[in-house]
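Participant: These protein sequence lines are chains A and B, in that order. Numbered according to the working numbering, the first sequence spans residues 1299 to 1424. Numbered according to the working numbering, the second sequence spans residues 155 to 467.
Note that these hints are calculated values from the structure, not bench results. Every residue, glycine too, gets a C-beta built ideally from N, C-alpha and C. Accuracy of the hints is not assured; some may be wrong.
Here are some, though not all, of the chain B residues that point toward chain A, as calculated from beta-carbon distances under 7 Å [what the hints assert, rightly or not]: (1) Phe-318; (2) Met-328; (3) Gln-339; (4) Phe-360; (5) Gly-364; (6) Val-368.
Computed, partial: chain B to chain A, Cβ under 7 Å [to be verified]: (7) Lys-309; (8) Phe-312; (9) Arg-316; (10) Ala-320; (11) Trp-338.
Think about it this way: if two alpha-carbon atoms lie no more than 25 Å apart in a straight line, the pair counts; the simulated PhoX-like pairs of lysine-lysine are [unchecked claim]: (12) B:Lys-185 to B:Lys-201; (13) B:Lys-236 to A:Lys-1402; (14) A:Lys-1350 to B:Lys-369; (15) B:Lys-337 to A:Lys-1402; (16) B:Lys-347 to B:Lys-268; (17) A:Lys-1339 to B:Lys-369; (18) A:Lys-1402 to B:Lys-331; (19) B:Lys-347 to B:Lys-337; (20) A:Lys-1402 to B:Lys-201; (21) A:Lys-1338 to A:Lys-1360; (22) B:Lys-369 to A:Lys-1347; (23) B:Lys-280 to A:Lys-1402; (24) B:Lys-287 to A:Lys-1402; (25) B:Lys-284 to A:Lys-1402; (26) B:Lys-347 to B:Lys-378.
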Amino acid sequence: MRDNLSLTFNALADPTRRAMLAHLSQGETNVSDLAKPFLKKMSLPAISKHLKVLEDAGLIVKTREAQWRPCRINGAALKDATDWMEQYRIFWEESFDRLDEYLKTMTQNKKINIKKKGKKKYEAKK
Amino acid sequence: MKPKNNSNELTLTRVFDAPVKLVWEAWTDPKKAAMWWGPRGFSITTKSKDLRPGGKWIYTMHGPDGVDYPNITTYFVVEPMKRLEYDHGANENQKALFRVNVIFSESKGQTTMKLTMTFESPQIAKDMSKFIKDAGGNSTWDRLGEYLDETCNHKNVFLLNRVFEAPIAVVFDMFTKPAHIEKWQPPTGFTMKIIEGKIEEGLSVFYEMGNNEVKFYGRSTYQKIMRPEFISFIQEFCNENGQNAKHPGAPVWPARWLTSVTFTEEEAYLTRITLKSEIIGDHTSAELEAFISARGGMTQGWNGSLDRLEMQL
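Just chain B, same shape as in the assembly:
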C-alpha cells in the first residue's frame, strides 16, 4: 500500500467470504470489532461508542508490548451496510492522523471493502504508508477476514496478504516454477529440493527441506492452477519414502492442510498475494483443539501445549 502518483491518499481493496451485513456488524459492533481490530498481537477495550455522524468511538488499543494507545474516533458518515467515514488516531493530546472512507458492496455472498485513507499531504501519506507497514497495520485486514470466515463459514482459516513489486506473471511463476520455489520457500538456513513430481493440476511434488542437523519431507498436491491469478494445493508432511508422516519438529501440525493463493494485479508493477490455509480431512481432536486454541490465543496456558508435545514424545 503506497500512495499513487504523489497522491495524499492510500487505498486498499479486500474481498471477504461473508455477506455485507456481517461485515458491517464486524466493523460497528464494539464486541465484534474487539475480535479483530488492530494489527496482530493488539487488542482493544471500548469505553463508549456512538455510531452516527458526529458521534464518537472512544477506545484503547493495547499493544503486544503492553503499551496502551488511547483513541477517539469521530464519525462523519454512517450509511448502514454501505459506507463509513471517520477519522483515525486522534486522542485528547493529538488530532487525527488521517480520515478513512470505507465503501462496502455485496455480490454473490461476498463483500468487497474499498478503503481510502486521506492525509494532509502526499509526504504524510508516504510516511504513514511506511509507518503502517512497519506497525503490521495491514494484518488488521487479515484478522478481519479470519474473523468473518470463522463466524460466517465456521471455518478456522489462516489469511495472509502481501503486496510485491513485480508484475503478476512474475509473482505467479514464483509459486509454480520449482527452481524459484526452492530459492525463497525454505526457512533461513534451510535448503529445499524438489525431488520429484510436477506442478500441474492433479499432480504433486515431493520435496525435502533441511540443514546439516535435521531434514524433513513434504508433498504438495495441486488442485487448481489458473494462470496467473489462482493456485490451490494440499500440503502434507512425509517421511523420506514419501509416506505421510508427522513432522518431528512440529508435533501439533495438522496432517493435511489446503492452501490457496490468489494473485491480484493492483497496478502494472504491483501484485497482491492472498494466501489462505485451512485444515482438511481427518484430524484428531487434539490437533483441532491445538488449531483453535492457537487462534484463540491468550486463554490457553502453556500446560496444554506441553501435554500435546508430550503425546508426541
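Okay, chain A solo, but in the shape it has when bound:
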C-alpha cells in the first residue's frame, strides 16, 4: 500500500510549502515566479527542495522538463490530502498493515503453543 499519509503530513507541515500551494491555487505558475517571494529568505536549492517534497507527495505537478517549468497544483491529491476521512482511512489501513506484520513477528515463536491452547479453549467453549 502506498504510504502517502506520511508524505502528505510532511509536505503540508511546512509554512513555506503551504504558501507555495496557496500561490499555485491562483493558477499555473513557472518555477521562477513561484520562487520569487521566497528568495529573500532562502536559497534557490532550498526552494527546489521544497518543491520536490510537494511533487513527491503528489500535491503539485511540473508539466514538462524545461528550465521554465510551469507548475500546477494536483487537485485530486490535494482533495485527498484535505479530506479527513480519506486521510484517516489511509492512516488506519496502513497502521493495520503494520499491525499484521508486527503480530506475525510476535506470534511466530509462540504460534504452535498458542494455537494449541487456543484450540483447547475454543473446543472447551463448544
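Given the coordinates of chain A, work out where chain B should sit on it, guided by the hints.
Facilitator: Quick look at chain B alone, frame taken from chain A:
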C-alpha cells in the same frame, strides 16, 4: 475471510446499528444499494431490477480506474427482511462466480447479517478469498455500515473491519499496551513515543509522533476498556505542552473524535477488529462540511478543499 477446513464456503457476520427494515432496503432498493455496493472507490448503475425468485438485477460496476464490470445477478430466494439468495459475478460472457446466501435477523434495534458465499470447489473458495481481499471487497461491508449509520442514526461515522491471525487476547494487547502501540501505530518513517499517562478507564496518554522533519503530539483519553472485546477512546491533537491544538499537516482534521474498537473472536486464532470513529463535541461548520464532503466524495471540487487549507495558512 478464509475458507474453513477445506470448505467450499466463505462466511462473514456483521452487526449493524440499524433495524432490519433499513438493512433490507439498503440491500434491495437499487437507489440505496448505489450508495454502498462494491469496494471503496466503486460505484454502480442499475439498468433493471426484478426482485423475486428467478428475477434478475442487471447493473454495471464502475471501478476507480474507469473500468466497467457488467453484472447480471439472478435471485433464487427472496424472503423480505429475512433471507436473500442470489448468484454473483455473471454477465453475458461468463457464468456466476459464486452463490450468496444472506440471512438477516434483528435484535434490540441491531441487525445481524450472516453471509455465506458458496463456490464450486474448496480451491476456488481459497483463490476467491484472496481475490476478494486484494480487490478490497471486504470494504463493501464497511460502506454498508457507514451508509446505515448515516441514514438511520444521522451520524457520519468511519468504519474499518479487519481480521488478524492471532488470538483475541493478543490483538487486544496491541491496543492497550503502550510498548505495542508504539511499534505499529505511527505512519511508516515516523516514530511514536508515549510521553506520559496510562491506558485505563478515565485516564489518558499523551504521545509524540514524528521524524526528523516534523513532530506532532496527541492525546487519547480512554472511556471504556472491557478486556478483551471492547475499548473506546477520545483522540485529539495537542501542542508539545499537551494543550489542544490543530495538527499543522492536517488543517481540516477535527479537534476531537471518538474511536471505538470491537474485538471479535471468529475462530481460536482469528480475531476481527471493527474500528469506528466519529467527530464529537464542538466543531466548526467548516470542519463538519469537510467531514461530510469527504464522505460524499465526488461532488466537492478541489477549490473548496483549498479554501479550507488557506483558512489555516
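Participant: Next, verify each hint and record whether it holds.
Facilitator: Now the hints, each set against the structure:
1. The interface hint given for Phe-318 (chain B) is met, as the beta carbon of that residue sits about 6 Å from the closest beta carbon of chain A, less than 7 Å.
2. At about 6 Å, the closest approach between the beta carbon of Met-328 (chain B) and any beta carbon in chain A falls short of 7 Å, and the interface hint on this residue holds.
3. About 5 Å separates the beta-carbon of Gln-339 (chain B) from the nearest beta-carbon of chain A, less than 7 Å, and the hint is met.
4. With a least beta-carbon distance of about 19 Å to chain A, the hint placing Phe-360 (chain B) at the interface is violated under the 7 Å criterion.
5. Annotation: Gly-364 (chain B) was flagged as interfacial toward chain A, and the flag is violated, the nearest CB pair being 10 Å apart, outside 7 Å.
6. The interface hint given for Val-368 (chain B) holds, since its Cβ lies 4 Å from the closest Cβ of chain A, which is under the 7 Å cut-off.
7. A hinted interface residue such as Lys-309 (chain B) counts as satisfied when its beta carbon comes closer than 7 Å to some beta carbon of chain A; here the least separation is about 13 Å, so the hint is violated.
8. The restraint placing Phe-312 (chain B) at the interface with chain A holds, with a minimum CB-CB distance near 6 Å, inside the 7 Å limit.
9. The criterion of a C-beta within 7 Å of any C-beta in chain A is met by Arg-316 (chain B), whose closest approach is roughly 5 Å, and the hint holds.
10. Interface restraint check: Ala-320 (chain B) against chain A, minimum CB-CB distance 5 Å, threshold 7 Å, status holds.
11. Given hint, Trp-338 (chain B) at the interface with chain A, holds; its Cβ is 4 Å from that chain's nearest Cβ, closer than 7 Å.
12. Of the supplied pair hints, the one linking Lys-185 (chain B) and Lys-201 (chain B) holds, its CA atoms being roughly 11 Å apart against a limit of 25 Å.
13. As the CA atoms of Lys-236 (chain B) and Lys-1402 (chain A) are separated by approximately 39 Å, the hinted pair breaks the 25 Å bound.
14. Proposed proximity of Lys-1350 (chain A) and Lys-369 (chain B) is supported: the alpha carbons are some 20 Å apart, at most 25 Å.
15. Among the hinted pairs, Lys-337 (chain B) with Lys-1402 (chain A) is consistent with the structure: their alpha-carbon atoms are about 13 Å apart, no more than 25 Å.
16. Restraint check for Lys-347 (chain B) and Lys-268 (chain B): not satisfied, since their Cα atoms lie roughly 40 Å apart, outside the 25 Å limit.
17. Of the supplied pair hints, the one linking Lys-1339 (chain A) and Lys-369 (chain B) holds, its CA atoms being roughly 23 Å apart against a limit of 25 Å.
18. Our distance criterion of 25 Å between C-alpha atoms is met by Lys-1402 (chain A) and Lys-331 (chain B), whose separation comes to about 17 Å.
19. The straight-line distance between the Cα atoms of Lys-347 (chain B) and Lys-337 (chain B) is roughly 9 Å, inside the 25 Å bound, and the hint therefore holds.
20. Proposed proximity of Lys-1402 (chain A) and Lys-201 (chain B) is contradicted: the alpha carbons are some 45 Å apart, above 25 Å.
21. Of the supplied pair hints, the one linking Lys-1338 (chain A) and Lys-1360 (chain A) holds, its CA atoms being roughly 23 Å apart against a limit of 25 Å.
22. The hinted pair formed by Lys-369 (chain B) and Lys-1347 (chain A) meets the criterion: a straight-line CA distance of about 19 Å does not exceed 25 Å.
23. For the hint pairing Lys-280 (chain B) with Lys-1402 (chain A), the CA-to-CA distance comes to about 21 Å; that is within 25 Å, so the pair holds.
24. Between Lys-287 (chain B) and Lys-1402 (chain A), the direct Cα distance comes to roughly 18 Å. Compliance with the 25 Å bound is thereby established for this hinted pair.
25. At most 25 Å may separate the alpha-carbon atoms for a hinted pair to count; Lys-284 (chain B) and Lys-1402 (chain A) meet this at roughly 18 Å.
26. A threshold of 25 Å between alpha carbons decides the hint, and for Lys-347 (chain B) with Lys-378 (chain B) the separation of about 22 Å falls inside it, so the pair holds.
The structure does not agree with the numbered hints 4, 5, 7, 13, 16 and 20 stated previously, though it agrees with the rest.
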